[in-house]
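Based on the sequences and whatever the hints tell you, model everything.
Residue numbers (this note's numbering), protein chains in the order written: chain A, 19 to 353; chain B, 4 to 173.
Everything labelled a hint here was simulated from the structure, so no lab data went into it.
Nothing here was measured: the structure is a model prediction, and the numbers come from that model.
Note that CB positions come from ideal geometry on N, CA and C, so glycine has one too.
Be a bit skeptical, because a hint or two may be false.
Quick list of simulated restraints, FRET-style, between CB atoms [said to hold, decoys possible]:
hint, chain 1, residue 1, chain 2, residue 2, range
1, A, S84, B, E104, 18 to 26 Å
2, B, E104, A, T210, 15 to 23 Å
3, A, D350, B, C9, 17 to 25 Å
4, A, A60, B, S140, 20 to 28 Å
One-letter residues, chain by chain:
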Amino acid sequence: MSGGLSAAASERLPDDIVDAAIAWSVRLDYNTATPAAKQAFARWLDADPRHAQAWGRVAALRSDFSGLPARLAQDVLQAAEAGRRGAAVGRRRALRVLSLSGVALASGWVVRETTPWQRLLADASTRVGEQRTLRLADGSVVMLNTDSAISADFSAERRVLVLRRGEIMITTGDDAGAAAKRPFWVSTPFGTLRALGTRFVVRLERSEVRVSVQEGAVEVHPADGGETVVIHSGERSVLGPTGTSRPVAADADDDAWTDGVITGRDMRLADLLAELSRYRSGRIVCDPQIADWRVSGVFHVRDTERALRFLAQVQPVVVRYRTRYWVIVEADRTG
Amino acid sequence: MRTVECELQREAEDLYRGHHGWLQGWLRRKLGDAMEAADIAQDVFIRVLTRQQPVRAHEPRAYLSTIARGLVIDHWRRRALERAWLDTLAVLPEAEAPSPENRALVLEALIEIDRMLDSLKPQVRTAFLWAQLEGLSCPQIASRLGVSLATAERYVARALRHCYALRFES
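Okay, structure coming up:
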């Protein structure tokens, strides 16, 4: 179906829509907009959900630059460019061609390398392998899992936490300091979540958001305007491009990471290793022959070396370190 | 899916076994520094490992050295930026400099921005930085650069399209 209502956050949008969003941004954000232009923009924005999506992305590009010391940034970037311009022209031309092919080949990596930058501009963040607990002004407690980033946007009317990357656990506070208790929202690219007195875990993936509620309930409002769903204590649900899945009984281990562990119960070995690799730089490769093996145990995420050693002790596998960042787990053939 | 993973891993292993030593030597000759060469060779293989599809390169060394060249350029870009950073900080009044704990983060962000704006024409790059960092409007950019308003708008739009492609289409 063309013009479907729900476009994934990672979905590629048609060029003409992207170009139109940029043209609007130039007209409205970088010029003095007339009331007529604003009205025409509002009509364009409403005409197609993909318009709003493209607009959101262009706005995100703008926000990437906010928060930097403008003068200093300007001076450094211009000086670096000037220094390069002084270099031999012939070399520069050659480098330019090469750098384009380098980017094309490594495209999967470019996405990952933008993360430090997003991390800088978010209000709080963790690096790979790090976990952090924050106490917010309203008494809420937020725990960030590995490689995560959030911004807090609290106003007189509402408390909004924007999940930019990774996974968080929220225990909402009673907001005693406010005149009236303000609603607590978590905003994600796939929709917003309204906390109804609660403790819950939100995990942002490339193409979906997973919500697991430990206490209270959470109301899910999908970004595509789909039906609102309530997830109750002990339930989990997935919010993705095709809407919200029906809540099902939660895995008791959804919040195990808050205790610093992965509790595997009959877990696919490949899934366990994928989880562990979230907590360390580089890559853990699972030999496909043993990917479906089932493992159980408690694995420490704050010390993944130890977790891998433990795995090799309790399973007939060997852990091979090709380099510090490249670990291969395969069947132990020595018997 | 599984067969793809299998092929990916086998391919990476073959590349590593057959060419890692050669690649390090090649980089060492280019950079004149064994430690930097080892680091970049390492990064090349991390990229090879994080691909989603096998490349089935007929010329594995040409393939690896293409990735390595991209990384060497990043390395030079980074060097140039770090030098500019130190030079700029040196002449900045104490009060205007970022706090020591923020410095590394700001530098990291600037390196990312610098990389992202690579391959933009100098005037486009300048127009975009004025717009994003100083909040200049297109008419202001036009008069500063001495170009027409339409040209200034085209510059900003082109830079936005470029950044959009890197962020959302790569």
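Next on the checklist: Tell me the hint numbers this structure goes against, listed in increasing order.
Outcome noted: When the structure is compared with the hints, only number 2 turns out to be violated.
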